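Fit chain B to the supplied structure of chain A, relying on the hints for placement.
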Amino acid sequence: MAVTAKPKLDAERLRADFPVFEQLVHGKPLSYLDSASSAQKPRQVLDAMYEFYATSYANVHRGVYQLAERSTERFEGAREKVRAFVNAPSSREVIFTRGATEALNLVAYAWGLDNLGPGDVVVVTELEHHSNFVPWQFVAKRTGAAFRHIPIDDNGELRLDALDGLAREGRIKVVANNLVSNSLGTINPVEQLAAWAHEQGAIMVVDAAQAAPHRVVDVQALGCDFLALSSHKLCGPTGAGALWGRRELLEEMSPFNLGGEMIRSVALDRTSWNELPYKFEAGTPAIGEAVGFGAAIDYLNEIGLPEIEEHEHELIAYALERLAEIPGLRSFGPPADRRAGIVSFDIEGIHPHDVAQVLDWEGVAVRAGHHCTQPLMTRLGVAATTRASFYLYTVRDEIDRLVEGLHRVKKVLG
Amino acid sequence: MSEFDQLYREVILDHYRNPRGHGELDEPDAQAEGQNPLCGDEVSIYVSFADDGETIEEVKFSGRGCAISQAATSMLTEMVQGRKASEIAGLPKDELLEEIGIPLTPVRLKCALLGLGTLKVALHKAKGTPLPEEWSGSSGLDLR
Chain A
234 MAVTAKPKLD
244 AERLRADFPV
254 FEQLVHGKPL
264 SYLDSASSAQ
274 KPRQVLDAMY
284 EFYATSYANV
294 HRGVYQLAER
304 STERFEGARE
314 KVRAFVNAPS
324 SREVIFTRGA
334 TEALNLVAYA
344 WGLDNLGPGD
354 VVVVTELEHH
364 SNFVPWQFVA
374 KRTGAAFRHI
384 PIDDNGELRL
394 DALDGLAREG
404 RIKVVANNLV
414 SNSLGTINPV
424 EQLAAWAHEQ
434 GAIMVVDAAQ
444 AAPHRVVDVQ
454 ALGCDFLALS
464 SHKLCGPTGA
474 GALWGRRELL
484 EEMSPFNLGG
494 EMIRSVALDR
504 TSWNELPYKF
514 EAGTPAIGEA
524 VGFGAAIDYL
534 NEIGLPEIEE
544 HEHELIAYAL
554 ERLAEIPGLR
564 SFGPPADRRA
574 GIVSFDIEGI
584 HPHDVAQVLD
594 WEGVAVRAGH
604 HCTQPLMTRL
614 GVAATTRASF
624 YLYTVRDEID
634 RLVEGLHRVK
644 KVLG
Chain B
11 MSEFDQLYRE
21 VILDHYRNPR
31 GHGELDEPDA
41 QAEGQNPLCG
51 DEVSIYVSFA
61 DDGETIEEVK
71 FSGRGCAISQ
81 AATSMLTEMV
91 QGRKASEIAG
101 LPKDELLEEI
111 GIPLTPVRLK
121 CALLGLGTLK
131 VALHKAKGTP
141 LPEEWSGSSG
151 LDLR
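As given, the protein sequences belong to chains A and B, one line each in that order. Basically this note's numbering = 1-based index in the first sequence + 233. Basically this note's numbering = 1-based index in the second sequence + 10.
Honestly, the hints are just simulated from the structure, not real lab data. Fair warning: this is a prediction, and the values are worked out from it, not measured in the lab. Glycine is no exception: its CB is placed at the ideal position from the N, C-alpha and C atoms. Be aware that one or more of the hints could be misleading.
Stated by the list, open to error - With the Cβ distance kept under 7 Å, some of the chain A side facing chain B (calculated, not the full set):
id	residue
1	Lys374
2	His584
3	Asp587
4	His603
5	Gln607
6	Pro608
To be verified - Subject to a maximum C-alpha distance of 25 Å in a straight line, what follows is the list of computed SDA-like cross-link-like pairs (lysine to any residue):
id	chain 1	residue 1	chain 2	residue 2
7	B	Lys120	A	Asp267
8	A	Lys644	B	Pro113
9	B	Lys120	B	Leu48
Pulled out of the complex, with its shape left as it was, chain A reads as follows:
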């Protein structure tokens, strides 16, 4: 992929694109450290959606009038942006979904139910988000396949030495892993896992919801078979996401949702499926949201994914250093150079909900909970953690305010 040199990211300048930062929270400026949960929206995305709904909206694909053609063109244009964003060979392989969760359910149901059975093994990881964990657990149970996981080490990194043991448990048919852990920020060795999966005759299913906002994601370089994306984590609207899948797999698969749009013809006694990608897009899609998703991709490309990644690496290194000042604070996950801009931590004797509540009064928004990774929390020996996560608009001052806030937490509840 051609990479044009871009200027270093200027987060202070980019913040001006985000109207949410214009307000005060409890009388204090907002320090938004919950981007791993969902990213804020720049004016460029909001304006694109408004302009689309105001001037070019109609239902897609069916109308013969001009407005419907324009709407279809914008919707399909967004699909092409998603294709280029993940370097997929064809936009026919890009299916719009409600989000990464629906994309992963699509694979689990439409591929899993027809291709799994007793003697087969589905492999997930101990640090998987529930969205790439529970669907596989459910489909394994339904089909009689075994459900296994790759454990992590004390740094929160996958233990690849466990792979040989897993291979002896049966026919590995699915390997499912997130490219970046939403709880720890661990960047997982997906290329290596994909190669291993293919040696076993398995498909590799990648949850890139947490990776795509922060680094270049290239489905061909990863060597995976399916990859799930979410719009709202990369500055786009909620209700939109995408599944990329290898064409030969998608063509063989049964549909997931059934109804309008996904058919070629319907009669009382038979129905045939539409071509890709429409076979998997039953019903009226989230059209304006797809347009917003495309606008968000444009926005990120303008800044540059490598520049965003570098910015986050600087922030996480700084954050880990500052957090180490807090007595009784234990942070989880790998060293700064092997993780994205996410840090989960525990403060001895103080529940994360209380940490987050006190921080809120300081205008600092963090996540408290299990982050939809309960098996990981069990491995870490905690019910929940406090998580701070950074993005292209995060500045060092917000991390300083987090640290000040944590001192107040200790004062109130310590």
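Just chain B now, kept in the frame of chain A:
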């Protein structure tokens, strides 16, 4: 008093730091576990009845939780002592919330009510009293 000072007012912090009824009963007459799906907190509730088999003699709780959930469950154990199981099964949550007496957002409401919901589940299991609405119809997936 600011909203913040109210939330962590002294009586809450006192119940949090010195929870009443914290512990387990060896041979409870009623028992249940509850989870808060938002944060993974777990609470176990143990109940013993008086000789009439109806009056709640003692309630104990164990588990992990935030200050709000720990304090609320602590207050709950005091509040229900000596009252009838059937009455507590139908206890309006507002009665507990009034006792707690602090403004709670919807998320923190779940923290505050985890103990009460779990107590009602325990009573349901032991006495067949109605389940609280939010606990009905939950089942799951078991690979064991």
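The hints, checked one at a time:
The interface hint given for lysine 374/A holds, since its Cβ lies 6 Å from the closest Cβ of chain B, which is under the 7 Å cut-off. Residue-level restraint check for histidine 584/A holds (minimum Cβ-Cβ distance to chain B is 4 Å; threshold 7 Å). Because the beta carbon of aspartate 587/A sits about 5 Å from the nearest beta carbon in chain B, less than 7 Å, this interface hint is met. At about 4 Å, the closest approach between the beta carbon of histidine 603/A and any beta carbon in chain B falls short of 7 Å, and the interface hint on this residue holds.
Evaluation of the glutamine 607/A hint against chain B yields a held restraint, the C-beta minimum of about 6 Å falling below 7 Å. Against a cut-off of 7 Å between C-beta atoms, the interface hint on proline 608/A is violated, since the closest Cβ of chain B lies about 11 Å away. At most 25 Å may separate the alpha-carbon atoms for a hinted pair to count; lysine 120/B and aspartate 267/A meet this at roughly 21 Å. Of the pairs offered as hints, the one joining lysine 644/A and proline 113/B holds, with about 21 Å between alpha carbons and a cut-off of 25 Å not exceeded.
Taken as a hint, the lysine 120/B and leucine 48/B pair is honoured in the structure, with Cα atoms around 8 Å apart against an allowance of 25 Å.
Against the hints set out earlier in the document, a violation occurs for number 6 only.
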